[in-house]
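> Quick note on the working numbering: the sequence shown kicks off at 1 and runs consecutively.
Note that these hints are calculated values from the structure, not bench results. Some hints here could point you the wrong way.
The calculated DSBU-like cross-link candidates involving lysine-lysine, where the alpha carbons are at most 35 Å apart (straight line), are [as the list claims (entries may be wrong)]: (1) Lys5 with Lys43; (2) Lys185 with Lys59; (3) Lys5 with Lys59; (4) Lys142 with Lys59; (5) Lys142 with Lys42; (6) Lys44 with Lys142; (7) Lys44 with Lys8; (8) Lys42 with Lys59; (9) Lys42 with Lys8; (10) Lys59 with Lys8; (11) Lys59 with Lys44; (12) Lys59 with Lys43; (13) Lys5 with Lys44; (14) Lys142 with Lys185; (15) Lys5 with Lys42; (16) Lys185 with Lys44; (17) Lys43 with Lys8; (18) Lys43 with Lys142.
Per label pair, the in silico range of CB-to-CB distance [what the hints assert, rightly or not]: (19) Glu183 with Val57: 15 to 25 Å; (20) Gly155 with Tyr182: 17 to 27 Å; (21) Arg19 with Trp113: 23 to 33 Å; (22) Met95 with Tyr182: 38 to 48 Å; (23) Arg184 with Lys44: 28 to 38 Å; (24) Gly175 with Ser110: 42 to 52 Å; (25) Phe148 with Glu183: 15 to 25 Å; (26) Val3 with Ala169: 38 to 48 Å; (27) Met121 with Gly186: 44 to 54 Å; (28) Val92 with Pro144: 40 to 50 Å; (29) Trp113 with Phe23: 15 to 25 Å; (30) Pro145 with Ile99: 44 to 54 Å; (31) Ala130 with Val57: 38 to 48 Å; (32) Ala116 with Gly186: 48 to 58 Å.
It should be emphasised that the depicted structure is a prediction, and the values quoted were computed from it without experimental measurement. From the three backbone atoms N, C-alpha and C, an ideal C-beta is built for every residue, glycine too.
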Amino acid sequence: MTVTKRAKELWILLLEFMRFGCFTFGGGWSIIAQMQQLYVEKKKVITAEELLDLTSVAKSLPGTMIANVAMLYGYRAGGILGGFVCVFGMTVPPMLILIAISFGYNAFRSNYWVMAVMSGMQAAVVPIIASAAIGLAKGSVKYPPCVFVVLLCLGLYLFLDINAIFLVAVGIAAGFLIGGYYERKGEKDHGAA
Numbered sequence: 001m002t003v004t005k006r007a008k009e010l011w012i013l014l015l016e017f018m019r020f021g022c023f024t025f026g027g028g029w030s031i032i033a034q035m036q037q038l039y040v041e042k043k044k045v046i047t048a049e050e051l052l053d054l055t056s057v058a059k060s061l062p063g064t065m066i067a068n069v070a071m072l073y074g075y076r077a078g079g080i081l082g083g084f085v086c087v088f089g090m091t092v093p094p095m096l097i098l099i100a101i102s103f104g105y106n107a108f109r110s111n112y113w114v115m116a117v118m119s120g121m122q123a124a125v126v127p128i129i130a131s132a133a134i135g136l137a138k139g140s141v142k143y144p145p146c147v148f149v150v151l152l153c154l155g156l157y158l159f160l161d162i163n164a165i166f167l168v169a170v171g172i173a174a175g176f177l178i179g180g181y182y183e184r185k186g187e188k189d190h191g192a193a
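Based on the sequences and whatever the hints tell you, model everything.
Structure representation (structure tokens):
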């Protein structure tokens, strides 16, 4: 790969993640929705399952999910330099916006119109996050029994306030059991054919 082609790819990554950074409201899930729309549906450079894997790893690492996802995708797309470019692109726009807002925080905080706009933005983020969750659910339910695991974990989390770490452990164990079962079943089916 030539230096100019690599520089162009890194520049594109920087611009894409700066755009994500400008519109990542409501936490890390909105970046997942944006990445799904751009990289899975439009450019088709990764699958929904790969995005789910990136998200799962990013959530299990220390630090913010947004920076972790940016680093992991950037590394996948452009090596270690690509990872740093994506993290930089993701963090610079919000940082500049926060610096600007911090100078007039008291005026913003007490302004009715600013608070109304913020409430509207929060409401608009809900369908974006829901869209990301639905897209990730499609990629995570690889086998029919996984639907039961999703519903079980959701019920345990919502109604019994079970610790999320325990639920992740349940998911890991279920993944080993269900994946192992279907792998053995696939080997038997291929051996019989």
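> Mind listing which of the numbered hints don't hold for this structure, in increasing order?
31
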